[in-house]
Amino acid sequence: MNLVAKATILDAAETARVLRRMAGEIVEAQRGVEGLIIVGIRSRGVPMAEAICTEIERLEGKRPPMGTLDITLYRDDLSLIAPKPVVRESHLPEDIEGKVLVLCDDVLYTGRTARAALDALVDFGRPRAIRLAVLVDRGWRELPIHADFVGRKVPTRANEVIKVSFEAIDGETSVQILERQAEG
Amino acid sequence: MSRLLVRGGRVIDPSQGLDGRRDLLLEDGRVARLEAAIDARDGDRVIDAAGRVVTPGLIDIHVHLREPGQEAKETVASGAAAAVAGGFTAVACMANTSPVNDSRLVTELVLGAARAAGLARVHPVGAISMGLEGEQLAPFGQLVAAGCVAVSDDGRPVMSAELMRRALEFARHFRIPVVQHAQDLDLSGEGVMHEGVASACCGLPGIPGAAEDVMVARDLILTEDSGGRYHVAHISTARALGLVREAKARGLNVTCEVTPHHLLLDDRAVTASGFDANFKMQPPLRGESDVAALVAGLVDGTVDAIASDHAPHTRDEKALEFQAAPFGIVGLETALPLCLDRLVAAGILPLARLVELMSTGPARVLGLPGGTLAIGAPADVTVIDLERELDVVAARFRSKARNTPFEGWKLRGCAVATIVGGRLVYERD
Amino acid sequence: MTEPAWTRKDLLGIGELSVAEIELILNTAESFAEVAERPVKKVPTLRGKTVVNLFFEPSTRTRVSFEIAAQRLSADVVNFTSAGSSQVKGETLADTAKNIASMAPDFVVVRHAHAGVPAMLARQLECGVVNAGDGAHEHPTQALLDATTIRLHKGRIAGLTVAMVGDIMHSRVVRSNILLLTRLGARVRVAGPRTMVPRGIETLGVEVHHELEPALAGADVVMMLRLQLERQSRTLLPSLSEYSRLFGLDAERMRLAKPDAIVLHPGPMNRGVEITSEVADGSQSVILEQVGQGVAVRMAALYLLAGTREARS
Chain Z
1068 MNLVAKATIL DAAETARVLR RMAGEIVEAQ RGVEGLIIVG IRSRGVPMAE
1118 AICTEIERLE GKRPPMGTLD ITLYRDDLSL IAPKPVVRES HLPEDIEGKV
1168 LVLCDDVLYT GRTARAALDA LVDFGRPRAI RLAVLVDRGW RELPIHADFV
1218 GRKVPTRANE VIKVSFEAID GETSVQILER QAEG
Chain X
14 MSRLLVRGGR VIDPSQGLDG RRDLLLEDGR VARLEAAIDA RDGDRVIDAA
64 GRVVTPGLID IHVHLREPGQ EAKETVASGA AAAVAGGFTA VACMANTSPV
114 NDSRLVTELV LGAARAAGLA RVHPVGAISM GLEGEQLAPF GQLVAAGCVA
164 VSDDGRPVMS AELMRRALEF ARHFRIPVVQ HAQDLDLSGE GVMHEGVASA
214 CCGLPGIPGA AEDVMVARDL ILTEDSGGRY HVAHISTARA LGLVREAKAR
264 GLNVTCEVTP HHLLLDDRAV TASGFDANFK MQPPLRGESD VAALVAGLVD
314 GTVDAIASDH APHTRDEKAL EFQAAPFGIV GLETALPLCL DRLVAAGILP
364 LARLVELMST GPARVLGLPG GTLAIGAPAD VTVIDLEREL DVVAARFRSK
414 ARNTPFEGWK LRGCAVATIV GGRLVYERD
Chain D
85 MTEPAWTRKD LLGIGELSVA EIELILNTAE SFAEVAERPV KKVPTLRGKT
135 VVNLFFEPST RTRVSFEIAA QRLSADVVNF TSAGSSQVKG ETLADTAKNI
185 ASMAPDFVVV RHAHAGVPAM LARQLECGVV NAGDGAHEHP TQALLDATTI
235 RLHKGRIAGL TVAMVGDIMH SRVVRSNILL LTRLGARVRV AGPRTMVPRG
285 IETLGVEVHH ELEPALAGAD VVMMLRLQLE RQSRTLLPSL SEYSRLFGLD
335 AERMRLAKPD AIVLHPGPMN RGVEITSEVA DGSQSVILEQ VGQGVAVRMA
385 ALYLLAGTRE ARS
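Chains as they are written, first to last, in this note's numbering: chain Z, 1068 to 1251; chain X, 14 to 442; chain D, 85 to 397.
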């Protein structure tokens, strides 16, 4: 299977602007930083969460606590283990009881990752509310899940792939749309 | 009268120092003529042996036919069928049946079953001790009169030095050898494989080479003192072989045999097989240096015979975990092809020497009539095709048992016709 | 970022594992250790899967450790303990295998007094097989938990000097540990009475000692082995006190090792025989941590094998 780049949806500067806007929406909805915890879903939800924390700090003068979540153990498809078996630790900065958690993930697609993340968070305690922030919503949901904060809605076809890159992991920041092509 | 002419083959008869193209005429169960060219008469059965090797019938002096008592593993008939398919015209079968061959009745039962089968000659070996219990001597005279050619408690070593001494002394009356399964049971203990690097690394309990060595050393002293005739069954260590070599040089009446598996496999095969019980036998597959010493013993004449120690077991018994499975593997149908391919074709052993080790030599060890194509000898002949390819597939064995470590081996050279008493009893199609 | 893939259906021994595979298990186990610290010590990964603990030899500790590991992954656990070997009951191992297969488990964790039994079962069973100790052959999860414990304290395995002391001949723990530690670059010494150290063990790349002191000198890790009292025939050892005098670890002998050396023991301990209580309960002892690591390692093993199993079906 070949992946061919089709178009760049966001470059680094545009991504930064989108995240800044999302940070603003989050503090507006929660009325500030108090009781807020930003949680990045591994892998690319983590740099996204970091960027949002930084933007919130700029807006409010106070950085919200940040956690990371590995949802591998909560996936409903074990066949995903074999090709990428490494499990990383999950870490939450403080007791989540009564807090508002904002889950950050790069792409919202079938909704299964978000579902797994909800299961995982429940095992850590009982937050007051859990919100979902995604950089790209590409449609094709398989579960009744929707995002509270969306960076960009991108209608896609089934043979297309959204590739999100962050400088911390990939060396550059961008959002691209790729197309799967059958082997020639 | 029945005549069988084996024509055009390369005749190798170590008893006469012969290796050349000859025609061989068998008449009334005896070798009648062995000449450059013999014309066939009307009514003669003719076997075309052109391009083949013709040898005195091969003799395996160490097999277990399991009858009476363990017919699920093998019977005299199925064992004899396996023998002729492997090129053997005669076998000597051990006494560890149930009941033990410690009386005329059991000897006669075995001989009767062999006659009924009408394939290979079967020479029973009687027990040294009653019930193989290592206490009371078996009635050697009665056993020999009934047809036994030697005595052995094989499967169980004679641990008592006193009993061994008396057996060697008493056997002299009947001019038969005492055949020892040389293994000190205290030293071998719970062992299931050779004690060496492989056992140290895999953690299976080991059987030290010393278990064999001390037994052979003890028995050689007793042989010297008693003036008896001693034969070491399935010798497996370099040191035991060295002791036999020295004893022969001192003029003791000592012989020994070695099995194909001890010549071709070492202890690493056990671990490589993933603890397959088809690699479990007594004595165990030894170390690399032991294997080299045994091969050298074939070449230099220390070893008198190659014997298979054909030890059939049922599939269920061998399906047990390695430590629980019984010792022993079958060998009648693989012995000759293994030796032809891995020793002769490999350039380690001259063909004439292999024939000696599998016919003339074993006949001499047990004082049997065969092992020669001299005029008047029994008409027991094996015809070998050195080019014939053979895949070892246990499922195709004539033996009832399938317990071989050589499954899947591709070999070149095997018996294509086996003649016993002038009758063609096996022909490979 | 390329992660080493895991493709095994069974975990039968350290002998068959590559360095990358060993490290993958160790890294995965480290992540699983975090689960034990959560308020809810359970993840749904193996929900609906069945683990059969098939123990032909009594071992409460290992069995319970596997049981907790499986339960933390939400698997169902069935314990099947049989005192004797299958042969005692007149049932062949093949029969046992067929019986297990008909119950359609996802994993069989097997402990047996005979070497090679887990491998035999693995050949006959479609489900995953984990070796929980076979004869004196291997005990892979024990070696893996020892390694995670060592890494936790020393931050590495490579370059460390590890001394293993006791009955080397009859110990599956030693064999698995030798294979694992030498593969990861540790310098391994074994020490024990001559009657309990098999000749040829040095071919596995270890230094062999027949005295305790030089084996301990400068060691980073000291691993004491359980003297299996029931297994010792009279000819291997005259008495326990004779053994203790020559190879027992006390505080004074422990001073020969590096000041920051740690002490491991696979348990259960014979206090006063191979190790004094002063050392076993002392500040250098990490014996109880090993037990906790055991659960994480076994979770990691089941998790990785589950991935292979799912990918195949």
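By construction, these hints were calculated from the structure, which means they are not laboratory data.
Note that the structure is predicted; figures quoted are calculated from it, not measured.
Here a beta-carbon is modelled for each residue, glycine too, at the ideal position from N, C-alpha and C.
Just to be clear, a hint being listed does not mean it is correct.
Subject to a maximum C-alpha distance of 27 angstroms in a straight line, what follows is the list of computed DSSO-like cross-link-like pairs (lysine-lysine) [stated by the list, open to error]:
| # | chain 1 | residue 1 | chain 2 | residue 2 |
| --- | --- | --- | --- | --- |
| 1 | D | Lys126 | Z | Lys1166 |
| 2 | Z | Lys1073 | Z | Lys1230 |
| 3 | D | Lys126 | D | Lys93 |
| 4 | D | Lys125 | Z | Lys1166 |
| 5 | D | Lys342 | D | Lys238 |
| 6 | Z | Lys1230 | Z | Lys1220 |
Covered stretches of chain X, as calculated for chain D (at least 3 residues, CB under 8 angstroms) [claimed, not checked]:
| # | segment |
| --- | --- |
| 7 | 212 to 224 |
| 8 | 320 to 326 |
The hints, checked one at a time:
As the CA atoms of Lys126 (chain D) and Lys1166 (chain Z) are separated by approximately 22 angstroms, the hinted pair is consistent with the 27 angstroms bound. Pair hint Lys1073 (chain Z) plus Lys1230 (chain Z) holds up; C-alpha atoms about 11 angstroms apart against a cutoff of 27 angstroms. This hinted pair checks out: Lys126 (chain D) and Lys93 (chain D) have alpha carbons roughly 24 angstroms apart, not beyond 27 angstroms. The hinted pair formed by Lys125 (chain D) and Lys1166 (chain Z) meets the criterion: a straight-line CA distance of about 21 angstroms does not exceed 27 angstroms.
At roughly 12 angstroms between alpha-carbon atoms, Lys342 (chain D) and Lys238 (chain D) fall within 27 angstroms of each other, so this suggested pair holds. A C-alpha spacing of about 14 angstroms is found between Lys1230 (chain Z) and Lys1220 (chain Z), which places the hinted pair at or below 27 angstroms, so the restraint holds. Counting residues of the segment 212 to 224 of chain X whose C-beta sits closer than 8 angstroms to any C-beta of chain D gives 8, which meets the bar of three, so the coverage hint holds. Judged by the Cβ-Cβ criterion of 8 angstroms, the segment 320 to 326 of chain X is not covered by chain D as claimed, because only 0 of its residues qualify and three are needed.
The structure fails to meet hint 8 from the earlier list, while all remaining hints are met.
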